[in-house]
Amino acid sequence: MPIPCRRCCVKNAVLKRPKTGDALCKECFFWAFETEIHYTITKAELFNKGDSVAIAASGGKDSTVLAHVMKTLNQQYNYGLNLMLLSIDEGITGYRDDSLETVKQNRDDYEMPLKILSYKDLYGWTMDEIVAQIGRKNNCTFCGVFRRQALDRGAALLGVKCIATGHNADDIAETVLMNVLRGDIARLKRCTAITTGSEGTIPRVKPLKYTYEKEIVMYAHYKKLVYFSTECVFAPNAYRGHARALLKDMEKVRPSCIMDIIYSGETMSVKEQVTLPTQGICTRCKFVSSQEVCKACVLLEGLNKGLPRLGIGKSSKAKRMLEEYNSKQVNGTDLLADAVNDLNDVDLDKSNKIDSKKKECCGNIDTTCNKNKSNCCGGTGKCNNQHSSAVHENGGNQKLNSLLEQYELDESSNIQDTLHPESNGANASDNSDGEYSKEEEDDTCSSSCGKMGSLQIGF
Amino acid sequence: MICKKCDSPKTVVLRQKDFYCDECFMISTNHKFRACLGKNKILAPNEKVLICLSGGVSSSVLLDLIQYGISLENTKKLRIVPFFIHIFDVESKTATDFILEQCKKYNFNVYMVHLSDYLNTSCQLPEQNCIPEVNCDVANQFHSMQNSMPPTARNDLLLTIKRTLFIKYAKLLQCNIVFTAETSNTLAIKLLCNLAVGRGSQVQNDIGFSDTRDEKVRIIRPMRDISKEELDYYIKIKQLYPICNSSINNTNSLQSVIASFVFDLQENFQSTISTVCKTADKIGVCADRTLGKCLICESNFNDVNFKLSALEATSISRTVSFANISSNHNTDLSNIFKNDSHTAVFPLVHKYLCYGCSRIHSEMKRSTLPPHLQIL
Ligand SMILES: [Zn+2]
Ligand SMILES: [Zn+2]
Ligand SMILES: [Zn+2]
Ligand SMILES: [Zn+2]
Ligand SMILES: [Zn+2]
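Chains as they are written, first to last, in full-length UniProt numbering: chain A, 1 to 459; chain U, 1 to 376.
No lab work stands behind these hints, which were simulated from the structure alone.
With the C-beta cut set under 7 Å, the calculated list includes, among others, these residues of chain U facing chain A: (1) 195; (2) 283; (3) 307.
Since the model is a prediction, treat every value here as computed from it, not as a measurement. Heads up, the beta-carbon is just placed ideally off N, CA and C, and yes, glycines get one too.
Looking at chain A on its own, in the form it has when it is part of the complex (with noise of 0.2 Å):
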């Protein structure tokens, strides 16, 4: 029996929508899921008339269907904005080359510009020099703490005004979980916001906060996006594993969560008494940092001083090395070797420490990979094409499918018997599509520097 559409009455819906279950016809969502954003960019004001504004730009399906939504609307209701797609290259041979093509066919079909800067641009090295310095073992902290940072350096030499990014509600929902179960107040506290960023920083908006990932991908799939799609890249960290896990359970139980959670967040305070830790400005950068020197002028410091584990361990003990690594420079003394030494030693316990129970956590997240991709990430040590695809109109895309199952009303179980005859849809996992502006506010790298097998299986 086909349902007739909620909203226009006459022609039949096709999807039942996640967040409140009413059913739409395909004109009708698109509709819908358009005006909730642009009531949302309206109604938090989050640009101004004549701003410049740089979509951070992944390829992703979250980046892919902001930018189309963005351009869409700033045309229909007069924003006035100057948008244009900011992309990172971490500089490391092949592992971006498909996000990026596929970056640049955004640009081609919203007809915006785009802007890729490599970490060469930002940093004055590529990961695959730092790699080069440092080893294997170390470098996820550098492409991290970089990654984290690029966006901002990034935007500043753009000179916009503010940044958006693709978060949408899932995101949010599971990094509330996440800071609760890690016992992070203050980060708990800022993470539904809306907009972020201290004083004398560009801001970053999120214009999909309230979008569920569900709806993004059902629009892109309808509206024939192109986007790219990774599978496994994606490493998150223990927490946010836990975090996601739960979200999806939950989910299926009683999809509103999404937004009671986000709603949670935003409506909890924290007890008077209660100390947060004060977010401030990089004294060398200018860019955020808790810290008086953030830790990527740090981490460039080493590099640029020819000691590039300074850092990677706790600041007290990079401090004394600048300290030693000065007084060497007066004294011709050799105490900085004994420093450095001192400081490999703490190292290698502290991060097999931090191995053997990433080793634990991650084992499921790292098993679910494997049921569907054999041999993913597993000790490979690269984690780079072989297993992405990107998405073209119908593409094969196992979330897709799950989700069309779950929600397309009509009879759309075709589109998976000729997609992925070998694949259960049911089963698919649900990895991100390796969204670099996802993790902000984790230390961890989210594995696009290739080495996620490596670091958890492999050692």
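Given chain A, put chain U with the ligands in place with the hints provided.
Only chain U with the ligands this time, still in chain A's reference frame:
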């Protein structure tokens, strides 16, 4: 391996690393219970306290701790006048019999109250130490209300119903304090459940040391620093035989999903529950009573002092999927359906109900509400 307090052989292992002998373990558990009450300084001498019993593990331990405390004859005597209550449902015959037996053993009197009493307006204390006659019509009405709701909403409302009954009977017995037997495990789960149903701003009252939503009666959680692991040793050592009961018995609810998640995570990471509970301790409440409070759970309404919230975003989502507004028309979407309780996702929100209760209310058969809520 020896006890960390004395040199006796260890018999108790907590968190896989702390060793105790039976005696030192019991001292430490008693101390945790008393310290929790002591440091918060809430009890006046000879304070009348209503103690809520379920017959389960934590309830049995609470009963034992209280009996021990008031039996002391020195400066350490627990100076309270305890009253006991058990809230039951018709199916739980084993529980009611068990509680009666248990209280008899300790020589305590207990009041038995049926859940459907939530729908009663009458205020009478039942006879002690026996199962009261349950009015079938009221019980049926109550169960039809419960059955009209999806499991998540039903579990959520059940907590509020029990809270309401505890406070009602505390007032009848002129107790200003209520003790519940919630442990750190229960509370860690409850915190995540609260977040998942939009009650983030109510965490302090629902999970913290005390619930101060009622102006007269305070609900206190003196077992909040004691874990399930400790309880299990306690009942083993004291040879208590509690009945196995769980308030979360629906397999398809957010509460059951969260409970099994926390259980699994705690198995692998011993610090999970303590971390979650520490987080809960840092979360405050909206103290502004002028905004009004929820008729169902008595929480203060939220002061939404930001431009847009998930509540509004969800309402808009419903509006745009419902209204036949032309695409070119730039209507003020926020005003459509605002007060229509049939189409709104959040009927009566922030007028009579909080966000969480409004969601529950939209998922229940409304004709079955208790009299004081019939105006909704
Ligand atoms: Zn329609
Ligand atoms: Zn990395
Ligand atoms: Zn800096
Ligand atoms: Zn001992
Ligand atoms: Zn309420």
